[in-house]
Amino acid sequence: MVTKEASSSKKPASGTSGKASAKAALAAVRIADNKKALFNYHIEERFEAGMVLEGWEVKSLREGKVQLTDGYVVVRNGELFLIGCQINPLGTASTHVRPDSVRTKKLLMHKDEIRRLIGKVEQKGFTLVPLNIHWKSGKVKCEVGLAKGKGEHDKRDTIKDREGKREVERAMKSRSR
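Per our numbering: the sequence shown = residues 389 to 565.
If you are wondering where the hints come from, they were derived from the structure by calculation, not from laboratory data.
Small disclaimer: the values here were computed from a predicted structure and weren't measured.
Honestly, I wouldn't trust all of these hints.
[Said to hold, decoys possible] Straight-line distance between alpha carbons at most 30 Å, and here's what the computed BS3-like set of lysine-lysine pairs gives:
| no. | residue 1 | residue 2 |
| --- | --- | --- |
| 1 | K538 | K553 |
| 2 | K494 | K527 |
| 3 | K499 | K423 |
| 4 | K512 | K423 |
| 5 | K424 | K453 |
| 6 | K512 | K538 |
| 7 | K553 | K499 |
| 8 | K529 | K453 |
| 9 | K494 | K512 |
| 10 | K512 | K424 |
| 11 | K447 | K527 |
| 12 | K423 | K453 |
| 13 | K527 | K512 |
| 14 | K499 | K538 |
| 15 | K453 | K494 |
Throw the hints in and build the complete structure from the sequences for me.
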């Protein structure tokens, strides 16, 4: 006789993992990336934070009218704020709302995560950088990276690696023709 606990712990034989990964890929749709952050910083850790937005900002995000390259994250009174992220208002914005494209946006995270980030940011050389903004389950999320600045020689190495990869791809492409 099989008990209820034993039968519920069995995994189904059918391959449902493929469907789950497809749904996960559809659930997280990127709105904007901060490519400059990956060039200028070594990303140590990544965190996901919710964003407090106004209605017109959400509509603009749906249209992709956001610029994240100049953005940075600061800690004030134990809360995280995104500064310098520019969300351009749509032309069809409401008449009774005065949209401010560079408004400071509050980021939502658990207190223990924020405390841990504060401890890391107070260490020498660490900063918080927004990496991307994406949709997740119908909500706008911001991926924040705990980053350490790259030196000039590190940036040169990144450029050299990128150009080397391009040369290899060109050679492989011309060889296959």
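Against which earlier hints does the structure fall short, listed by number upward?
-> 7, 13
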